[in-house]
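A.B. asks: The listed protein sequences derive, respectively, from chains U, H, B and E.
Residue 270 in our numbering sits at position 272 of the first sequence, and the numbers go up by one each step.
Residue 37 in our numbering sits at position 39 of the second sequence, and the numbers go up by one each step.
Each number in our numbering comes from the position in the third sequence (counting from 1) with 899 added on.
Each number in our numbering comes from the position in the fourth sequence (counting from 1) with 899 added on.
None of these hints come from the bench; they were simulated from the model.
Take these hints with a grain of salt, some might be off.
To be verified - Quick list of the computed label-pair ranges, beta carbon to beta carbon: (1) E/976 - U/280: 35 to 45 Å; (2) H/215 - U/266: 22 to 32 Å; (3) H/38 - U/17: 21 to 31 Å; (4) B/907 - H/362: 52 to 62 Å; (5) H/381 - B/905: 36 to 46 Å; (6) E/933 - U/137: 53 to 63 Å; (7) B/907 - U/137: 26 to 36 Å; (8) E/900 - H/59: 26 to 36 Å; (9) H/366 - B/952: 46 to 56 Å; (10) H/215 - E/1003: 27 to 37 Å.
Said to hold, decoys possible - Simulated coverage check for chain H against chain U, where a stretch passes if three residues somewhere in it have a Cβ under 8 Å from a Cβ of chain U: (11) 11 to 19; (12) 37 to 50; (13) 115 to 125; (14) 147 to 155; (15) 248 to 256; (16) 281 to 288.
All residues carry an ideal CB built from backbone N, CA and C; glycine is no exception.
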Amino acid sequence: MRRREIYLDYAATAPLDPAVAAAMTDCMTREFANPSSVHDPGRRARRLVENARAQVAARVGAPAGRIFFTSGATESNNLALQGVLRGGRARPHLVTSRIEHKSVLDTARALEAAGVAVSYVDCDAGGRVNPHDVAAAIGPETALVSIMHVNNETGVIQDVAAIGAICRERGVWFHVDAAQSAGKVPLALGDAAIDLCSLTAHKLCGPKGIGALYVAGGVLLAPQIHGGEQERGLRAGTLATHQIVGMGAAYELADPAAEAPRLAALRDRLWDALRAVPGARLNGAAEHRSPHVLNVTFPGVEGESLRLALRDLAISAGSACAADSPEASHVLRGLGLSDPLAASSLRFSVGRFTTEDEIAAAAGRVAVEVPRLREVAKSAPRWCSV
Amino acid sequence: MRRREIYLDYAATAPLDPAVAAAMTDCMTREFANPSSVHDPGRRARRLVENARAQVAARVGAPAGRIFFTSGATESNNLALQGVLRGGRARPHLVTSRIEHKSVLDTARALEAAGVAVSYVDCDAGGRVNPHDVAAAIGPETALVSIMHVNNETGVIQDVAAIGAICRERGVWFHVDAAQSAGKVPLALGDAAIDLCSLTAHKLCGPKGIGALYVAGGVLLAPQIHGGEQERGLRAGTLATHQIVGMGAAYELADPAAEAPRLAALRDRLWDALRAVPGARLNGAAEHRSPHVLNVTFPGVEGESLRLALRDLAISAGSACAADSPEASHVLRGLGLSDPLAASSLRFSVGRFTTEDEIAAAAGRVAVEVPRLREVAKSAPRWCSV
Amino acid sequence: MEYSSEVVRRCDAPRRVGELPRATPGLSSGEAEDRSLQVWVRFELQVQDGVIQTVRFEAFGCPHTVAAADLTAERLEGQPVNAARRVDAKELMRELEVPIEKLGKLLKIEDAAAACVSGTATRT
Amino acid sequence: MEYSSEVVRRCDAPRRVGELPRATPGLSSGEAEDRSLQVWVRFELQVQDGVIQTVRFEAFGCPHTVAAADLTAERLEGQPVNAARRVDAKELMRELEVPIEKLGKLLKIEDAAAACVSGTATRT
Ligand SMILES: Cc1ncc(COP(=O)(O)O)c(C=O)c1O
Ligand SMILES: Cc1ncc(COP(=O)(O)O)c(C=O)c1O
């Protein structure tokens, strides 16, 4: 028998908070009408939607009217990038980084195929994008800069304030993918030099399949999903009231001031235990980190075998979207890791329901399996561990 | 005090079936992992997703591997049309009808702005599109024909078999918007001459915010939401397990053979009562109708005032997506109704939880309010009622 | 569309709907319409000694139009006949909380009331 | 990635991991690698009278590679030495239910075993 499952993959997704589930169940069973219908039950559903919009807006410091619901941060990222760059206006140039989430990078690639020029800024060995590099990449044709707030693999926080200031100065719109950071790292969109910001519910103990795009006043976006007047014409489709209610509840519940220190303590405790494993290395700058992610390389241990050995831990090699792909993480390679080292890395991510016992148990399991697997490859050539 | 609310707007959306809600709640509280994660909880979530895919596929007579989840039929319609016509291949011509859902018509309009030629076929006074008109509109440049199965305002069923046969013969792909029909009007996609078919859960007592696109083998679609390998690269974004489970349960539960006759009986009973109101006219051919929709014009009664008077009935003027817009229904105008007559029309739609008492009560209310409002406009000029 | 409770109340039970008997002394009527806005309004006034005694209306229009016509009919009673020229759509909108996009319709109430005293209107 | 229960069992507790003592009589070893696939495999055989007596392996690779190396080591024991030339990756794949995209890695098992008897390989 395997030990009880330990879930340390909050950066992939998080369990629903019971309070969120209760709000959703209540909505699902009571208010089923279409929020776009003008009859009474439709209006009641609409009020739930608008209440949730206000909850999300309050958490990210934005006016409610600037929050537009989507099916998740993937769609929000697509809408931000395609909405600006497929808008048919001039300035067909996008600046982004090499360590963005696939939903930004693949969209950038699709835009390239459609004739948009894209500049990919590198990060440093600590996983940070230098604002000066962004400034250098901006040209007269640049319409948009897209840089994530917190990286999903390393937890590294980018300096979106400095990058935003540069964008303002250069008259370029700035999109921030805040899928990982919202509710964990403070973000006040109304005051920030940020024009577009992608949000999602499921990383914050809310439901999967619902997210939002913050669109600052004055930003012109071409809708990508047409039909119907929902979300003021920016995103058509029947509003999923229970999903929106769930996102609202999750954002209202999230209390970064209280939760971030607790998560950081769990993460640090885990790293304290794991650094005792010989050769273990932390990926990403130790400062500037979101409290919930820890990415560690165990040189000389093949990644897939390590994950199988640690299958009682729900952890991940990189992002879940590419979990089954054999390619090494583009993020870790962006930090300068070799393919074998990138593959020998594990992402641990903690969250609301993570306990100290789970952290201790997980560290204990890693401390057993890494040396055992190194035994299997004891005489392996040097390239396996550098 | 108003009477108890009577919900007759199933074509806008339907309440969750309690069995669907139970399946979703179970999933929400137990299996929260990301279905793309390779660890055990991720795999369990993946199995739930694949089980639901099979349930949906079975209901529409398609192989499970040809069903791709989206956020709803609006997105599916967008993906089908944009995916074919923005694919960068030749043949930039789309054939559709004037009475499609806004998510098809607005997408067609967006494609026109991007240089695609679009032909809009008219319907006859009964709301049916003549397959010969579709044939006549197809040219050498035509890539896709998009015709809905059941119209959301009139309930009229289009002859998708005949249209599909024409498309096959002419070597053109055929997309069917089956948002209203799935689970109510028989549809066996595997055997039909249909290449793309849009589905949604919420019209069938499933959750809002989840749908699917059926894509026949060999059909090439350009993804519209990029990033991540979900849905075999056709639609990125974290899969919303509970939503997908809900859709699967809803499609499995739906039993058109048993439900369609019951709905048709309710609808016919309502029409029997309403036709007693002087001047009441049925919109849409009496044959070829989905069992759940009844669209009636009450000439000489202004629509908005009628809806206010009948506010204890949750019914609609047209589609919910445009419920708040002052424009007359494009569908009813397509059938040849004048603006005042289109505006004087009501859509009643019945569903799983509609009772005979509700039908009787609704008919009674209409029979009171229509004559009362006609009194207010007794000497109104002729244009108000023709 | 949102309606103020006053609009709802008046639509549910308008108090001055109908026509005055043809033989009514001092009867005048006026109407106005805008087909593109799908609105038609008619007032009938009974005037005696320059003072409006009784008002009746009919309307084909949205709830705001019906409520505003009902309110106008009520207000005109007891006023000097010239008041019919001075019906103010903007004031009706404020009082009944009518959204601005309905202004065009409410202007027909001004026109119909004014037509009662302009002498040009006859019953259609 | 899905693993057959046999793969999981062998990865959890491979039975022939390690090295034979340097002084073992009849010791031969062979290894193979593919850096682009991130796989390295080494076998050591103790051969006596033309028969493989004992086999040990080491591997840096995915679970399928490790399991297949363990199975190969086990199978070779008691076989004539030429069996090391006839390890069949396809057969290992069938037996362990290895997906086709892993074939390249398993071919390195063939190579490493064969290298033991080709006389070219030495311990690195
Ligand atoms: C940084 C980042 N951006 C975007 C996404 C996509 O969000 P969603 O799952 O809501 O589509 C994720 C997670 O999947 C993420 O970590
Ligand atoms: C015919 C038709 N197509 C498409 C849609 C859109 O479906 P969804 O609400 O799932 O986006 C609807 C209903 O809203 C519909 O009735």
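A.B. asks: Give a verdict on every hint.
C.D. replies: Against the structure, the hints come out as follows:
no. : hint                       : verdict
1   : E/976 - U/280: 35 to 45 Å  : holds (43 Å)
2   : H/215 - U/266: 22 to 32 Å  : violated (52 Å)
3   : H/38 - U/17: 21 to 31 Å    : holds (27 Å)
4   : B/907 - H/362: 52 to 62 Å  : violated (21 Å)
5   : H/381 - B/905: 36 to 46 Å  : violated (29 Å)
6   : E/933 - U/137: 53 to 63 Å  : violated (42 Å)
7   : B/907 - U/137: 26 to 36 Å  : violated (58 Å)
8   : E/900 - H/59: 26 to 36 Å   : holds (33 Å)
9   : H/366 - B/952: 46 to 56 Å  : violated (32 Å)
10  : H/215 - E/1003: 27 to 37 Å : holds (29 Å)
11  : 11 to 19                   : holds (count 6)
12  : 37 to 50                   : holds (count 4)
13  : 115 to 125                 : violated (count 0)
14  : 147 to 155                 : violated (count 0)
15  : 248 to 256                 : violated (count 0)
16  : 281 to 288                 : violated (count 0)
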